[in-house]
Amino acid sequence: MELGKIAEMAKRLGAGSVKYVKYSYTPATDTYHVKIYLVKPIEWRALAELVKELERSFSVKIYAPHARALRLDLKRK
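One rule links them: number in my numbering = place in the sequence shown (from 1) + 782.
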């Protein structure tokens with residue numbers, strides 16, 4: 783799954799909650815970072831569905847650096 787599709791899926795599942803999505807890749811750690819910036823809190827169901835879909839191809843770690851953002855660290859399995 784490519785990062786553009788992941789960003790679109792995050793926007794679709796978090797409709798109304800997601801302001802924008804940024805993504806990057808860090809070759810030193812072989813990790814993809816998907817940063818989801820929020821307008822309002824995202825429903826747990828939507829986040830769980832996104833993570834479930836991502837876990838097919840990646841191991842997922844979720845971080846919440848502050849109230850209006852989530853960071854997903856993805857490593858290929």
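Think of the hints as simulated: they come from the structure by calculation, not from any bench.
Glycine residues also receive a C-beta, built at the ideal position from the N, C-alpha and C atoms.
Errors might be hidden in some of the hints.
Each pair of labels, with its calculated beta carbon distance range [as the list claims (entries may be wrong)]:
(1) E790 x A851: 15 to 25 angstroms
(2) E784 x K834: 16 to 26 angstroms
(3) R853 x E825: 17 to 27 angstroms
Okay, derived cross-link-like pairs now, DSSO-like style, lysine-lysine, Cα gap no bigger than 27 angstroms in a straight line [as the list claims (entries may be wrong)]:
(4) K801 x K843
(5) K804 x K787
(6) K834 x K822
(7) K834 x K787
(8) K857 x K787
(9) K804 x K817
(10) K804 x K857
(11) K859 x K822
(12) K787 x K801
(13) K793 x K857
(14) K817 x K787
(15) K793 x K817
(16) K817 x K834
(17) K859 x K843
(18) K859 x K804
(19) K834 x K857
(20) K801 x K822
(21) K787 x K822
(22) K793 x K804
(23) K804 x K834
(24) K859 x K793
(25) K843 x K804
(26) K793 x K822
(27) K834 x K859
Against the structure, the hints:
no.	hint	in the structure
1	E790 x A851: 15 to 25 angstroms	18 angstroms, holds
2	E784 x K834: 16 to 26 angstroms	18 angstroms, holds
3	R853 x E825: 17 to 27 angstroms	18 angstroms, holds
4	K801 x K843	21 angstroms, holds
5	K804 x K787	12 angstroms, holds
6	K834 x K822	22 angstroms, holds
7	K834 x K787	15 angstroms, holds
8	K857 x K787	16 angstroms, holds
9	K804 x K817	5 angstroms, holds
10	K804 x K857	17 angstroms, holds
11	K859 x K822	32 angstroms, violated
12	K787 x K801	16 angstroms, holds
13	K793 x K857	21 angstroms, holds
14	K817 x K787	14 angstroms, holds
15	K793 x K817	11 angstroms, holds
16	K817 x K834	17 angstroms, holds
17	K859 x K843	13 angstroms, holds
18	K859 x K804	22 angstroms, holds
19	K834 x K857	14 angstroms, holds
20	K801 x K822	9 angstroms, holds
21	K787 x K822	22 angstroms, holds
22	K793 x K804	11 angstroms, holds
23	K804 x K834	20 angstroms, holds
24	K859 x K793	24 angstroms, holds
25	K843 x K804	16 angstroms, holds
26	K793 x K822	13 angstroms, holds
27	K834 x K859	14 angstroms, holds
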